[in-house]
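Heads up: take any position in the sequence shown, counting from 1, add 2, and you land on our numbering.
Don't take every hint at face value.
[To be verified] Keeping only pairs whose Cα atoms sit at most 20 Å apart, straight-line, the calculated EDC-like set for lysine to aspartate or glutamate is: (1) 375 to 484; (2) 375 to 405; (3) 375 to 335; (4) 316 to 365; (5) 375 to 402; (6) 375 to 333; (7) 375 to 280.
[To be verified] DEER-style ranges, computed between Cβ atoms: (8) 368 to 554: 36 to 44 Å; (9) 575 to 664: 26 to 34 Å; (10) 506 to 551: 30 to 38 Å; (11) 664 to 177: 50 to 58 Å.
Just so you know, these hints were derived from the structure itself, not from any lab. Everything numeric in this text was worked out from a predicted model, so none of it was measured. All C-beta atoms in this analysis are idealised placements derived from N, C-alpha and C, irrespective of residue type, glycine included.
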Amino acid sequence: MVALATPSRNPATGIRQPSRSKMLATSSPVPILKTAKETPTAGIKHKMEDMNLSLSPSSSGSSDGEGLPSPRKRARVQFKDVEMVSFDERVQGNTGAPEKSAAVVREEVRRAIQRHISGTDSEAYDRIKEIFSVDPRRGEEDGMFSYDVPTHTTLRYHLLGLLSNVASLDRSCNGLVNAVLNSVWLGRDESYVKLYIRFLGNLAAAQGSYLGPVLKMLVTYLGELPKGTGKLPGYAPVLVPEIYTRVHMAIRHIVHLIPSGSGSLSPVLSMQFPFDTDSPKANIAYTQNLIRVIGYAPELQADILALLTEKLVKIDVQIQVDMDDLDDEEEEEVLHAVSPGAIVFGEDDDDDNASVASDDSIDAESQRLKTIKDNVLKLDGMIDSLFAYYAPTFASGTLDDKENTLDLLLSHFQSIILPTYRSRHSQFLLFHFSQSSPDLVDRFTTACIEIVFNKMQPAITRQSAAAYLASFVARGAHISGEIVRDVFGLLGGHLRDLRDLYEPSCRGPDLRRYGPFYSTAQALLYIFCFRWRDLTTAATEGDSIEQVDELEIEDITFPPMVKEALHQTIYSKLNPLKVCSPAIVSEFARMSQHLNLMYVFSILETNKRIRMTSFRNLAALADPRFSLVERETRAGDDLGYQLDAYFPFDPYQLPRSRHWVEADYIHWRGIPGDDQDESDSEADDFESDDDLSDETGTDEE
3 MVALATPSRN PATGIRQPSR SKMLATSSPV PILKTAKETP TAGIKHKMED
53 MNLSLSPSSS GSSDGEGLPS PRKRARVQFK DVEMVSFDER VQGNTGAPEK
103 SAAVVREEVR RAIQRHISGT DSEAYDRIKE IFSVDPRRGE EDGMFSYDVP
153 THTTLRYHLL GLLSNVASLD RSCNGLVNAV LNSVWLGRDE SYVKLYIRFL
203 GNLAAAQGSY LGPVLKMLVT YLGELPKGTG KLPGYAPVLV PEIYTRVHMA
253 IRHIVHLIPS GSGSLSPVLS MQFPFDTDSP KANIAYTQNL IRVIGYAPEL
303 QADILALLTE KLVKIDVQIQ VDMDDLDDEE EEEVLHAVSP GAIVFGEDDD
353 DDNASVASDD SIDAESQRLK TIKDNVLKLD GMIDSLFAYY APTFASGTLD
403 DKENTLDLLL SHFQSIILPT YRSRHSQFLL FHFSQSSPDL VDRFTTACIE
453 IVFNKMQPAI TRQSAAAYLA SFVARGAHIS GEIVRDVFGL LGGHLRDLRD
503 LYEPSCRGPD LRRYGPFYST AQALLYIFCF RWRDLTTAAT EGDSIEQVDE
553 LEIEDITFPP MVKEALHQTI YSKLNPLKVC SPAIVSEFAR MSQHLNLMYV
603 FSILETNKRI RMTSFRNLAA LADPRFSLVE RETRAGDDLG YQLDAYFPFD
653 PYQLPRSRHW VEADYIHWRG IPGDDQDESD SEADDFESDD DLSDETGTDE
703 E
């Protein structure tokens, strides 16, 4: 597997790729070389037609005429789908000289190349370079005369000549090759595009040193297209979808023709990924086109999806960092300014230049808000494309297909998402598709539990896995009560083992030394706050959630497993209520009292008087990714340290892609009969989660 990371574009590194046997989703589009119609991928509406690139006479001709009409015929007859300039006789520009035949041009090209290589004479070689260097779109701008622009026939004959002599185009002909690679070809007629693609394939096959430049040139057209692409004088305009189709046709031809093509393409795709400062349209278009590449190069599936996940996480985290600096009104402005249809593809955007020019005149604060909005648009469009790519497999694939694809998602989760603090939306791909079936729910929860229980894993990784597990079980709407109880029991048993390990040497709460215990305890409390109904005795005996809500408070009881796990954890010498997030602790205290489960406010009062001076140096010793929060204790100026209230599956806020997960998560539901306003309760309520921040919160309906 070829790594996508390249130092020139600073992608994330260290991706663990899944095994080849598990990384290919059977829902990947059918290779487009074998069918006349490609299966749509990732919401991109396109049709890739098989194009005959052979050297048969019907395609381009193998005779001197190379399949072109005789010089007596007008150009209009051959290129009926393109508006060409009419000539009474085939002539070169406006000079009046008759066009040379394909055979003559081919021989001239051969001689020019040979003389250039031998160092005898480069004049003819330079003239050929000039033919391909002319941009017909710049004629009016530069005052170029019409006879300076080569005719379609001249250009085609010279390209045929190069195709016939491609074996001679060694490194000494680099200038000519670059002129051809940089020439205008996407806006020309279909027959020329076919010929050009054949030339690219033969060049890369015959001269391996040009494979990289050829692929790089093609990949540059997978993002936002330069203005005017596809529009040439004398030709019918080529629309954006067709331009992308032509580029994919060329890439497909090369990777199928050359065995090393895929391996060379992988790092190019990474290197050419749009910069952070590029527009949302560039990022979304590139994402959709990379997904399209998987259709004809399935061996790159794992590489491409890992690259996209890396970029998603990077943008996601940057958004959270930037949002921390905004007040509530500014956050609302950002969200309301981002509409689901903000990015439209396949249309020319004549306002792009105006918007860029206006950037110079706006103040720094407005520019900062614009940058955040652009990043939200990027993230929203990119993740929406990935949802659309994965969806068919989980909707109609076999169980093996689903498990293999989920394994691919899990590999990205463990190597990219899990180690990254403050990822806010990227993980919802796994959240959504893991709930496709009970088997997949079990697969994801098992993966998280194995990390939480694994003593060989770094403490920070175990802490993050506990947060993901708790948030998934608490928020997942399609997670059964049986799974909730199973996970709760497993976490309770794990806490018992950790108490046996830590309590003999415990002198007080210490997040650095006992981090796995506190993160697991916080996960237990969080699950209880959201799924306490599934933990009741009535639910264990088969009652539905609605039936539990109809019970009187005094009739609600909990089985011994639940009560013992909570009681032994809370009253441990490790004192988790001092270290766990105050927001979660306060909500648990209020709920457990109302449900007659236990009264812990006395512990909270005692904790206010506990000094943490023995652990003053904790901040310097702890890994910063522990996301410790410094808080003043009421007993003095000592600093206490609590776990952050980070639970990664709090409600999803991206407007365009939100529809994928709207039915997937449980909203906050209060306790029946508890009409007390939470703002007046003894405990602080959860912070609002109706924004893009990473803080845990309740979402009252």
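Evaluated hints:
no. : hint                   : result
1   : 375 to 484             : violated (41 Å)
2   : 375 to 405             : violated (36 Å)
3   : 375 to 335             : holds (9 Å)
4   : 316 to 365             : violated (26 Å)
5   : 375 to 402             : violated (39 Å)
6   : 375 to 333             : holds (10 Å)
7   : 375 to 280             : holds (13 Å)
8   : 368 to 554: 36 to 44 Å : violated (56 Å)
9   : 575 to 664: 26 to 34 Å : violated (44 Å)
10  : 506 to 551: 30 to 38 Å : violated (43 Å)
11  : 664 to 177: 50 to 58 Å : holds (57 Å)
Of the numbered hints listed earlier, those contradicted by the structure are 1, 2, 4, 5, 8, 9 and 10.
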